[in-house]
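K.L.:
Given the structure of chain A, go ahead and fit chain B onto it with the hints provided.
Protein sequences appear in the order of chains A and B. Just so it is clear: in the first sequence, position 100 is 520 by the working numbering, and no numbers are missing. Just so it is clear: in the second sequence, position 265 is 685 by the working numbering, and no numbers are missing.
For the record, the hints were derived by calculation from the structure and aren't laboratory data. Computed from a predicted structure; not experimentally measured. Heads up, some of the hints might be wrong.
If chains are identical, the list can't say which one is meant, so a pair holds when it fits in one copy or spans any two.
Unchecked claim - Calculated lysine-lysine pairs in the DSSO-like style (CA-CA distance at most 30 Å, straight line):
| id | residue 1 | residue 2 |
| --- | --- | --- |
| 1 | Lys682 | Lys572 |
| 2 | Lys682 | Lys797 |
| 3 | Lys909 | Lys760 |
| 4 | Lys679 | Lys713 |
| 5 | Lys682 | Lys506 |
| 6 | Lys477 | Lys872 |
| 7 | Lys636 | Lys572 |
| 8 | Lys871 | Lys431 |
| 9 | Lys785 | Lys438 |
| 10 | Lys561 | Lys675 |
| 11 | Lys503 | Lys909 |
| 12 | Lys872 | Lys438 |
Spelled out from the first residue to the last, the chains are:
Protein chains: 2
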Amino acid sequence: MLRTNTCGELKLVNKNEKVTLSGWVQRTRDLGGMTFIDLRDRYGITQLVFNMETNPKLCEAARKLGREFVIKVTGEIAERINKNLKLATGEIEIVVNDLEVLNTSKVPPFTIEDNTDGGEELRMQYRYLDLRRNVNRDNLKLRHLMAIETRKYMTSQDFIEIETPYLIKSTPEGARDFVVPSRMNAGQFYALPQSPQTFKQLLMVAGYDKYFQIVKCFRDEDLRADRQPEFTQIDCEMAFVEQDDVLNAFEGLAKHLFKTIKGLNVDDFPRIQYVDAMKYYGSDKPDLRFDMKFVELNDPAKGKGFQVFDSAELVVGINAEGCGGYSRKQLDKLTDFVRKPQIGAKGLVYIKCNNDGTFKSSVDKFFGQEELNRLAKQFNAKPNDLILILAGEKNRTRKALCELRLEMGSRLGLRDPNVFKPLWIVNFPLLEWNEETQCYHAMHHPFTSPKKEDFSMLENTPGEVRANAYDLVINGVEIGGGSIRIHNKQLQQRMFKLLGFTEEEAQSQFGFLMNAFEYGAPPHGGIAFGFDRWVALFAGTDSIRDVIAFPKNNAGRDVMIDSPSAISDDQLKEIHMRLDFNE
Amino acid sequence: MLRTNTCGELKLVNKNEKVTLSGWVQRTRDLGGMTFIDLRDRYGITQLVFNMETNPKLCEAARKLGREFVIKVTGEIAERINKNLKLATGEIEIVVNDLEVLNTSKVPPFTIEDNTDGGEELRMQYRYLDLRRNVNRDNLKLRHLMAIETRKYMTSQDFIEIETPYLIKSTPEGARDFVVPSRMNAGQFYALPQSPQTFKQLLMVAGYDKYFQIVKCFRDEDLRADRQPEFTQIDCEMAFVEQDDVLNAFEGLAKHLFKTIKGLNVDDFPRIQYVDAMKYYGSDKPDLRFDMKFVELNDPAKGKGFQVFDSAELVVGINAEGCGGYSRKQLDKLTDFVRKPQIGAKGLVYIKCNNDGTFKSSVDKFFGQEELNRLAKQFNAKPNDLILILAGEKNRTRKALCELRLEMGSRLGLRDPNVFKPLWIVNFPLLEWNEETQCYHAMHHPFTSPKKEDFSMLENTPGEVRANAYDLVINGVEIGGGSIRIHNKQLQQRMFKLLGFTEEEAQSQFGFLMNAFEYGAPPHGGIAFGFDRWVALFAGTDSIRDVIAFPKNNAGRDVMIDSPSAISDDQLKEIHMRLDFNE
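Isolated chain A (complex conformation) (with noise of 0.2 Å):
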């Protein structure tokens, strides 16, 4: 028996108690006579002590020990003379009186602390003892947590979690596959999936009627700061439902999460149209912990001979409120901010709303007083409040000003991340045209179905068909999309050839699909969730690296185990495979 304890739950009333606990050396003190040791498990700290007079040799013993060494110490409980009340533990400690040795350590290359001295790679490298801070395993913990939840909600829903195949086929289109050499069947190839879209679909068709999974993905892309090659999904899918059972459903389970995990109660979530989402807030994942609408400026400011304005899409603003104060150098921050090439807006103009009632702007040589005051009621500017006008190319225009939102946002403290504001963003186009490939591509899916009532579009106004699509979007971070999907065959196949699929390419990726749908098909609908986010947002962590144990870098290697690395020519030769780097 290597304990009967653990370091996190012993307290005043099992005092006198003989104990054994193992555990870690989070520290190490001696204070002459007595020597003291805080004793580290998943479950706490408790305090052991040693007595240099009544136990010379084992407190000799205790002071060798560096730290994260593994001890176990039987002892009994007494009661502490100076108290730690912010410690679970802090009434009690144990009198050692034997004292082993389980494993010594090294000393770590970064300290164990919640303030750890260990740079990123460091502590990637060492992740097994990054992964002993407070902060990694309470995000852990809370992944688990979620999950549970998740699954316990789903169930109590009549959801029926099934696993679906990790070994499946390559679809070229959209994101590039993982791919795995099949040594049974030469030449051939299996793909991880990029998500398990069509298996629910075919689960749908199968009559589960409502299906979820807590599942892995793989994209093989470029990797940016916060994607990952293998990451986790809440995938779900509903037969005979329309959009907003599709809606009711999983709102239900983002407030049972912010119920149980949160503790908070939220309301109805708004439902915005996505054309209404680009006008307002330039984005389809507004960040609704603010208002700073956008207001579109066309009508009032242009024809004034400002050639910025009269040559301009769009010219459209926002009002920071009580911002009026700025000086010409935080003016110049801001047109440098909204300068940046990622942002890309050319310059930006102000408005200030003086206390005494009159307008202070970057553009008086063209808007007088009167012309300034009746753009400032466009926002219903107060004294004081600062106006910040962009103009050019819509969505460009657009684009930047949702930034500026953003930074507005945050420099004004508006964006407080213990405060949740999710949203549902409905009708998304079905389609957006691609500069590069000069074809359409699907916006969600090629999954996706129309809207009924714009299904005479498709052949000449493909463009302007809305989806039956949604996003659900939490303090400007997309948590998760679906939409309802096509269950007829004819118009899934019209949907592929709109997206440039050949006959025979939709055919050979896609047949088994859609020749099921020709077995009766129900209508259904799902949604995927982006677990590693959901984590990251409830943990107030911007980077899903965070929650994940063992996360990858920004070249798709594991730095701890040092992957991906080279294999055997046996290996090769079994799969059927040579390398070749002649590209």
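P.N.:
Just chain B, lined up with the frame of chain A:
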């Protein structure tokens, strides 16, 4: 709104309510003026009725519906005249006044019935139709429920589910890995995990104390009848434990599943030494639903002039109670059985215990009545029993007698699938000698710790060293296995050396784990359960395919999606590979 209710919930109390249902047409019956349709969904079957007199147009439409059409109906709930009390909804029917065909269906290639007319190949190709059958739906529901109860129990015991990576590193030792070429790291490969073994050990080093995960694992093996290239494990690990702690913890899980899933209270599981299991059952996974223990007969059987016994390393038999009346023909069949190549015995000796107290044996020539009586006494044989004896090389003879024992158990109806006899096999050998490679292999895996008391034999008689390893066996099926691990770098190095690793190989493949052992690795151990197999056992089926939504066939192919398949030259180029069929 596609439905107000499901097809499984309406009862007499709902009489006169107006409802909308959606589902599949299971069966249509025309009874002159009336047409009845059984409407099916996941939840049940509800009878629809169409009246030719009151609504001839609708009734005509109903008559045109084919099997597996998907329809939506609205109507009023009425009390049935001919109640079907076998059906949950059998007291009511829906008098339909509105019918919409949501989707048509071709005639399915096999009947969607419990006793289908479809062969396995066809059902696999149309798995989405096969999955509509009750037996498959019940199996997948059982699987979901077992996963839910497993998670519930493990969480209640303070285990945390932690996701480990799927893209890891190839370690060719053991079974063959599936590998995944890396595009970003030219010439390098990830491997899919055969199990999360090293990661769960690192989690113990990281202080997570109690880990579990229901997780997919991958092995590129030539598939036998009941193997799949991807399969699911309940993977578990605990820190600060000895063998008994692990057995107690997971006996708890097994009892919880017996209780909640099968409604059974099972006794404490016997713990049987590996050597005893081999001696008394000829197997490390004995079926304990019946006794029929082996009795070794070297002493009484040798030296009577019967060459087969005299030259055998082992003479061993079983007593088939009540089979003393077996005919010549039945005995010949048993001899044929043991002579089958996969059983491998040369012949079978029997002793019939006649009702008059005499004996009849195939070796009467060498054994008189008294000597036969002496043999029979070893078995505590009673009149009308049948003693069956094999002789030869020890291991092969035990294996053959094990098969014969199972065969006799089946013939005697002693292997009821509704009776469950779980047990632990403990103290496996650490190593097994491989004749082919002329070196030792790890019986469990290289991370398994030898018994402390056997350390001294590691150098000179490694084959006799016992391991802290254990299996959970139920009804002759190995459901899980695990061990207490090595947590000391030097011992781990010594183990790799014993297994024929060079120092470089050990370092390059498992250096990260041995490094981790230097930073305060706690004693730890764990277990992994074959989830597919456990579900199959509880479902009462022999094949794990029956409890997997989308299984692969014996060639590792998914015949429904036609995978694996060729990939494009561009894809090959991107992963820096070329096909190479010259072996």
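K.L.:
Could you run down the list of hints and mark each one as holding or not?
P.N.:
Against the structure, the hints come out as follows:
1. In this homomeric assembly, Lys682 and Lys572 come within 30 Å of each other (Cα to Cα) both inside a single copy, at 16 Å, and across copies, at 21 Å.
2. When the C-alpha separation of Lys682 and Lys797 is checked against a cutoff of 30 Å, the pair qualifies neither within a copy, at 40 Å, nor between copies, at 71 Å.
3. In this homomeric assembly, Lys909 and Lys760 never come within 30 Å of each other (Cα to Cα): the closest approach is 47 Å inside a single copy and 52 Å across copies.
4. Taking identical chains as interchangeable, the C-alpha atoms of Lys679 and Lys713 lie at most 30 Å apart only when both belong to the same chain, with a minimum of 29 Å there against 58 Å between chains.
5. For the identical chains of this complex, Lys682 and Lys506 are intra-copy neighbours only, at 22 Å inside a copy versus 46 Å across copies, given an alpha-carbon limit of 30 Å.
6. In this homomeric assembly, Lys477 and Lys872 come within 30 Å of each other (Cα to Cα) only across copies, at 27 Å, whereas the closest approach inside a single copy is 84 Å.
7. When the C-alpha separation of Lys636 and Lys572 is checked against a cutoff of 30 Å, the pair qualifies both within a copy, at 19 Å, and between copies, at 21 Å.
8. For a Cα distance limit of 30 Å, the shortest separation of Lys871 from Lys431 qualifies neither inside one copy, at 63 Å, nor across copies, at 36 Å.
9. Taking identical chains as interchangeable, the C-alpha atoms of Lys785 and Lys438 are never at most 30 Å apart, the minima being 85 Å within one chain and 70 Å between chains.
10. In this homomeric assembly, Lys561 and Lys675 come within 30 Å of each other (Cα to Cα) both inside a single copy, at 20 Å, and across copies, at 26 Å.
11. Taking the closest pair of Cα atoms, Lys503 and Lys909 never come within 30 Å of each other, the shortest separation being 72 Å inside a single copy and 39 Å across copies.
12. Proximity of Lys872 and Lys438 under a CA criterion of 30 Å is satisfied inter-copy only: 27 Å between copies versus 73 Å inside one chain copy.
In summary, the structure is inconsistent with hints 2, 3, 8, 9, 11 from the numbered list given earlier, while agreeing with the others.
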